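Q: Residue numbers (my numbering), protein chains in the order written: chain A, 1 to 494; chain B, 1 to 405; chain C, 1 to 122.
Take the hints with a grain of salt, since some may be wrong.
[Stated by the list, open to error] Pairs of lysine to aspartate or glutamate, EDC-like flavour, derived with a Cα cap of 20 Å:
# : chain 1 : residue 1 : chain 2 : residue 2
1 : C       : Lys119    : B       : Asp71
2 : B       : Lys360    : C       : Glu30
3 : C       : Lys119    : B       : Asp32
4 : C       : Lys76     : B       : Glu55
[Stated by the list, open to error] Distance ranges between label pairs, derived from CB positions:
# : chain 1 : residue 1 : chain 2 : residue 2 : range
5 : A       : Lys91     : B       : Gly331    : 53 to 61 Å
6 : A       : Lys249    : B       : Asn232    : 31 to 39 Å
7 : B       : Lys84     : A       : Thr340    : 53 to 61 Å
Everything labelled a hint here was simulated from the structure, so no lab data went into it. Values in this document were obtained by computation on a predicted structure and should not be read as measured data. Even glycine gets a Cβ: it sits at the ideal position worked out from N, Cα and C.
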Amino acid sequence: MPIEFGIWLFIYGGVYMRVFVIGAGIVGSLIARELSKYDIELHIIEKAPDIGWGVTKANSAIIHGGYDDPPGSVRARFAAYGNKLYDELSKELDFGFKRVGSYVVAFKEEEVSYLKELLVRGEKNGVSNLEILSSAEIRKREPNISDKAIAALWCPTAGITEPWEVAIAAIENAQENGAVVHLGERVTNIIVRNQKVRKIITNKGEYSADIIINAAGLFADEIAKMAGVGDFEIFPRKGEYILLDKKLKGLVNSVIFPTPTKKSKGILVVPTVDGGILLGPNAVDLPKDQKNNVKTTREGLNEVYEKAKKLIPSIDLSLTVKTFAGLRPETKDKDFIIGTTKVWGFVNAAGMRSPGLTAAPAIAKYIVEKVISEDLKINLTKKANFNPYRKKIPHIEEVSLEYWEELVKKDPKFGKTICFCNNVSEGEIVEAIKRGARTLDGVKFRTRASFGRCQGGFCSLKIMEIISRELSIPLEEVKMNYENSKILNGKVRI
Amino acid sequence: MDVLVIGGGAAGLAAAIEAKNMGVKVLLLERDRSTGGVLNQCIHNGFGLHVFKKELTGPEFMEYLWEELGDLDEVIRSNYTVLKIDHINREVFTLSEEGIIVFEPKALIMATGARERSLNSLRIPGARVTGVYTAGVAQKMVNIYNRLPGKRVLIIGSGDIGLIMARRLKIEGMDVVGVVEIMPEPGGLIRNVVQCLEDFNIPLWLSHTVFEIHGNERLEGVTIGKVDENLNMIPGTEKYIKVDTLVASVGLIPQNELIENFVDVDQVNRGPVIDDFMRTSVEWIFAAGNNVAIHDLVDFVYEEGKIAGKFAALYALGEKLPEVKYEFKRGKNVGVMLPQRFTGTQPFKMYLRPRKSMSKSEVIFSGKTIRKFGWKIRPSEMIDLKITNFEQLPKEVIVEVNEIG
Amino acid sequence: MDKKMTCISCPIGCELTVQLDENGKILKIEGNRCPRGVEYATHEIIDPKRVLTISVKVENGVMELASAKTDKPVPKNRLNEIIDFIKKLKIEAPIKRGDVIVEDILGTGANLVVTRTVKKRN
Numbered sequence: 001m002p003i004e005f006g007i008w009l010f011i012y013g014g015v016y017m018r019v020f021v022i023g024a025g026i027v028g029s030l031i032a033r034e035l036s037k038y039d040i041e042l043h044i045i046e047k048a049p050d051i052g053w054g055v056t057k058a059n060s061a062i063i064h065g066g067y068d069d070p071p072g073s074v075r076a077r078f079a080a081y082g083n084k085l086y087d088e089l090s091k092e093l094d095f096g097f098k099r100v101g102s103y104v105v106a107f108k109e110e111e112v113s114y115l116k117e118l119l120v121r122g123e124k125n126g127v128s129n130l131e132i133l134s135s136a137e138i139r140k141r142e143p144n145i146s147d148k149a150i151a152a153l154w155c156p157t158a159g160i161t162e163p164w165e166v167a168i169a170a171i172e173n174a175q176e177n178g179a180v181v182h183l184g185e186r187v188t189n190i191i192v193r194n195q196k197v198r199k200i201i202t203n204k205g206e207y208s209a210d211i212i213i214n215a216a217g218l219f220a221d222e223i224a225k226m227a228g229v230g231d232f233e234i235f236p237r238k239g240e241y242i243l244l245d246k247k248l249k250g251l252v253n254s255v256i257f258p259t260p261t262k263k264s265k266g267i268l269v270v271p272t273v274d275g276g277i278l279l280g281p282n283a284v285d286l287p288k289d290q291k292n293n294v295k296t297t298r299e300g301l302n303e304v305y306e307k308a309k310k311l312i313p314s315i316d317l318s319l320t321v322k323t324f325a326g327l328r329p330e331t332k333d334k335d336f337i338i339g340t341t342k343v344w345g346f347v348n349a350a351g352m353r354s355p356g357l358t359a360a361p362a363i364a365k366y367i368v369e370k371v372i373s374e375d376l377k378i379n380l381t382k383k384a385n386f387n388p389y390r391k392k393i394p395h396i397e398e399v400s401l402e403y404w405e406e407l408v409k410k411d412p413k414f415g416k417t418i419c420f421c422n423n424v425s426e427g428e429i430v431e432a433i434k435r436g437a438r439t440l441d442g443v444k445f446r447t448r449a450s451f452g453r454c455q456g457g458f459c460s461l462k463i464m465e466i467i468s469r470e471l472s473i474p475l476e477e478v479k480m481n482y483e484n485s486k487i488l489n490g491k492v493r494i
Numbered sequence: 001m002d003v004l005v006i007g008g009g010a011a012g013l014a015a016a017i018e019a020k021n022m023g024v025k026v027l028l029l030e031r032d033r034s035t036g037g038v039l040n041q042c043i044h045n046g047f048g049l050h051v052f053k054k055e056l057t058g059p060e061f062m063e064y065l066w067e068e069l070g071d072l073d074e075v076i077r078s079n080y081t082v083l084k085i086d087h088i089n090r091e092v093f094t095l096s097e098e099g100i101i102v103f104e105p106k107a108l109i110m111a112t113g114a115r116e117r118s119l120n121s122l123r124i125p126g127a128r129v130t131g132v133y134t135a136g137v138a139q140k141m142v143n144i145y146n147r148l149p150g151k152r153v154l155i156i157g158s159g160d161i162g163l164i165m166a167r168r169l170k171i172e173g174m175d176v177v178g179v180v181e182i183m184p185e186p187g188g189l190i191r192n193v194v195q196c197l198e199d200f201n202i203p204l205w206l207s208h209t210v211f212e213i214h215g216n217e218r219l220e221g222v223t224i225g226k227v228d229e230n231l232n233m234i235p236g237t238e239k240y241i242k243v244d245t246l247v248a249s250v251g252l253i254p255q256n257e258l259i260e261n262f263v264d265v266d267q268v269n270r271g272p273v274i275d276d277f278m279r280t281s282v283e284w285i286f287a288a289g290n291n292v293a294i295h296d297l298v299d300f301v302y303e304e305g306k307i308a309g310k311f312a313a314l315y316a317l318g319e320k321l322p323e324v325k326y327e328f329k330r331g332k333n334v335g336v337m338l339p340q341r342f343t344g345t346q347p348f349k350m351y352l353r354p355r356k357s358m359s360k361s362e363v364i365f366s367g368k369t370i371r372k373f374g375w376k377i378r379p380s381e382m383i384d385l386k387i388t389n390f391e392q393l394p395k396e397v398i399v400e401v402n403e404i405g
Numbered sequence: 001m002d003k004k005m006t007c008i009s010c011p012i013g014c015e016l017t018v019q020l021d022e023n024g025k026i027l028k029i030e031g032n033r034c035p036r037g038v039e040y041a042t043h044e045i046i047d048p049k050r051v052l053t054i055s056v057k058v059e060n061g062v063m064e065l066a067s068a069k070t071d072k073p074v075p076k077n078r079l080n081e082i083i084d085f086i087k088k089l090k091i092e093a094p095i096k097r098g099d100v101i102v103e104d105i106l107g108t109g110a111n112l113v114v115t116r117t118v119k120k121r122n
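Could you put together the complete structure from these sequences and hints?
A: Take a look at the structure:
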């Protein structure tokens with residue numbers, strides 16, 4: 001949409017606001033979706049070619065109970081509330097979310113006393129129904145947990161989700177409600193005049209801006225610096241993971257934590273939304289200049305395996321589907337950086353280390369209802385026609401066969417399976433492309449095609465053909481994700 | 001419908017041919033757009049020596065089967081995926097552009113083949129980059145899609161497809177740096193080491209593997225190095241190799257997801273336990289081909305398909321098939337082995353893989369030598385034995401392969 | 001002098017030992033399990049040959065490539081020359097398995113034949 005148009009559309013009651021969210025990760029996406037409820041001109045700028053490709057793509061995907069953040073910390077305030085918001089949010093945005101509960105397992109007496117501490121802490125944070133279970137009770141519920149476990153803190157409200165899907169869903173819904181999304185666009189500067197945000201400059205253009213929300217994840221410190229408020233630093237902390245086959249479904253039914261240490265929540269065993277098992281993460285602090293380092297290491301993967309095995313001794317790595325690493329944005333104070341800055345209109349939503357995913361919906365509400373409305377004293381008007389609902393791409397494993405039969409009748413492409421491991425149809429892939437997928441990863445994170453045990457062996461080339469056909473681009477131009485990730489290199493015979 | 005075949009590779013086509021010849025109504029479901037399976041892309045020769053007494057290429061072998069089957073449209077349904085099998089009610093749920101169709105065949109033949117092990121599952125350190133493909137995917141790119149995967153390639157794993165692809169990519173002008181094999185012996189047939197690597201001066205590094213993958217978006221290089229006899233990396237042997245493509249031939253995995261929860265599964269073969277009629281432990285379900293165990297030769301797969309087709313047809317016709325009387329148990333040095341049970345009512349072929357290479361060896365059934373090999377046998381080459389005499393065999397036959405002086 | 005080689009006539013891969021005299025003349029061949037082993041070893045010493053399998057560009061077909069092979073083994077030392085020649089070929093769909101694309105390719109006595117049927121694109 002041409003920017004000039006916006007001026008006409010969004011002048012309301014004499015207040016015209018142009019708001020930019022930088023970063024389409026989980027935090028930026030949910031903030032954008034929250035903002036899309038109001039009469040403003042809303043833009044989301046993301047430097048990656050797609051939504052949720054930073055921190056959001058590779059983490060434990062857990063909605064934490066909210067018991068382990070220090071009471072009084074910003075983290076604690078948002079985690080418990082964010083957790084509660086996931087029920088309604090997952091219904092409105094139609095993404096996978098399961099309240100599977102979590103166990104923190106203790107192997108030694110001193111760990112049991114720590115569990116008791118966590119329970120008290122949880123209650124202070126407003127987390128209800130926490131319970132300390134005996135070893136017999138643990139084994140009854142989770143028979144594969146090590147028989148060396150002597151107690152566990154049970155938190156029934158902990159859950160699992162697919163963070164990238166949450167971000168995609170939130171952005172789709174924001175777009176439905178008028179937001180403009182700029183993908184593959186990098187913010188290069190922010191113009192501030194009289195301590196007030198004026199302009200945002202990108203590699204593709206410049207826009208006048210009234211409010212900028214800095215949700216740039218690992219790069220939030222650099223964005224803040226552009227606005228002259230760079231008084232914090234983000235350090236990448238790497239976590240490595242091993243994903244195991246869906247055949248292991250039921251190995252654990254809930255999220256299994258060890259008793260946490262000061263540094264991290266430890267290495268977990270997590271059931272994924274679609275039935276796989278995820279092990280990890282370890283925690284390795286990287287130098288500040290390694291914000292793109294998502295390499296797995298031998299030591300890291302060994303550590304993940306060894307520690308996961310302490311929780312669940314029967315873990316079998318021969319069912320490994322893949323390994324990957326993600327980065328978490330860490331700050332000196334180990335806390336979120338949320339709120340106004342000395343530059344009017346420049347708002348931070350940064351330092352979203354764990355439990356950032358859990359807290360994100362609460363942060364989104366806080367940014368709009370507290371920071372913008374109260375602190376910046378902007379009188380936001382709710383849209384009369386806001387549509388809170390987004391429908392997910394249908395998937396045969398999540399609906400009845402009768403429903404699918406109807407779908408195939410309407411569009412036979414839903415009857416043609418492309419990804420055999422996860423039963424993803426051509427119809428789903430075409431729909432993903434309609435919704436913005438441009439790459440193999442774009443399709444993968446929207447449909448789970450090539451996410452399965454053969455890792456795209458059977459379907460990658462077919463998906464490339466579909467992308468090529470739908471977007472009218474040559475087959476060799478189809479990429480896995482970023483600019484230099486082409487799959488093919490010219491023809492065998494011209 | 002009498003016999004339903006799932007999978008249209010060599011085993012499935014052979015099963016359908018034989019069932020049709022037996023005069024029963026047969027349908028073959030193929031999940032891809034056409035049948036032939038991996039034969040489509042295996043344009044090299046070496047197929048058909050046993051069954052057609054000719055040296056054929058994959059596509060030729062495939063077309064021979066099509067011709068043998070006759071009217072393809074009558075028997076084959078392509079772009080059909082099986083969603084699930086209800087083994088109790090004998091229902092097969094399928095998805096296609098026709099919608100959800102539930103078949104109720106009298107007999108079912110599983111010919112679902114194998115998939116390639118992905119490099120992602122090997123936990124090699126590094127980032128997720130493009131330029132890393134399984135040998136089969138690279139083969140499909142080059143032979144079917146008319147596209148090259150890159151400019152400079154290292155092959156990891158010396159399985160047959162890896163060796164074949166080393167030659168194929170070299171012929172098509174890629175710089176093939178070499179083949180690394182973690183084991184001390186090649187994983188594929190010696191014939192392929194000779195005609196794919198030696199003929200084209202492509203080095204084979206045995207007891208070597210890839211330690212690390214470099215690059216962020218596209219592959220930029222790999223670190224290779226030597227491993228000791230326990231397959232652990234030997235520090236100090238690392239070497240950086242600049243490549244933009246890594247082709248992995250690191251094993252095939254039988255695909256049995258549709259039945260593994262209700263049939264007896266052989267954990268060594270990674271496939272269903274079968275008898276000399278190619279019957280699984282569920283009486284109306286038969287199985288043949290690489291889903292039963294990984295074979296070296298398509299000819300053997302074809303023969304199994306024919307057996308499965310024949311007995312599935314007889315079963316569908318209501319014939320009471322003999323019951324299993326004997327069982328094979330793995331003894332010393334026996335890896336992949338099939339069948340695991342037999343009726344003792346007909347001669348049959350047995351396939352074995354020794355667990356290690358042996359210059360001279362003998363196969364022993366419960367203490368009795370039944371075959372001697374005067375030439376080298378190796379795990380990469382399946383041994384076939386004709387079993388004709390059951391007279392003195394115990395109900396439980398212990399199978400061993402011993403090295404002899 | 002003994003020369004060791006692996007017979008590649010079939011997938012069994014017999015390990016052959018060829019005894020040669022000082023003039024390179026074959027005295028004895030051992031290790032073969034069938035007569036083709038003798039034939040292979042003899043050729044391998046005198047004039048090694050290989051069957052070449054490759055792809056040929058198809059115009060107006062349902063596939064861009066047709067697989068092809070030489071119907072007889074061709075001299076190993078001429079493989080590169082033959083490959084380069086084949087890379088420049090273009091054939092028109094429809095084609096049938098067994099169709100001869102090039103007779104007596106580069107004077108080797110072998111024909112280049114198509115190994116898969118490719119229908120015409122509609």
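Q: Hint by hint, say whether it matches the structure.
A: Hints and how they fare:
1. C/Lys119 / B/Asp71: holds (17 Å)
2. B/Lys360 / C/Glu30: This hinted pair holds, its Cα atoms lying about 16 Å apart.
3. C/Lys119 / B/Asp32: Judged against 20 Å, a Cα distance of about 18 Å means the pair holds.
4. C/Lys76 / B/Glu55: holds (18 Å)
5. A/Lys91 / B/Gly331: 53 to 61 Å: 59 Å Cβ-Cβ, so the 53 to 61 Å window holds.
6. A/Lys249 / B/Asn232: 31 to 39 Å: holds (32 Å)
7. B/Lys84 / A/Thr340: 53 to 61 Å: holds (56 Å)
Checked against the numbered hints listed earlier, the structure breaks none of them; every hint is satisfied.
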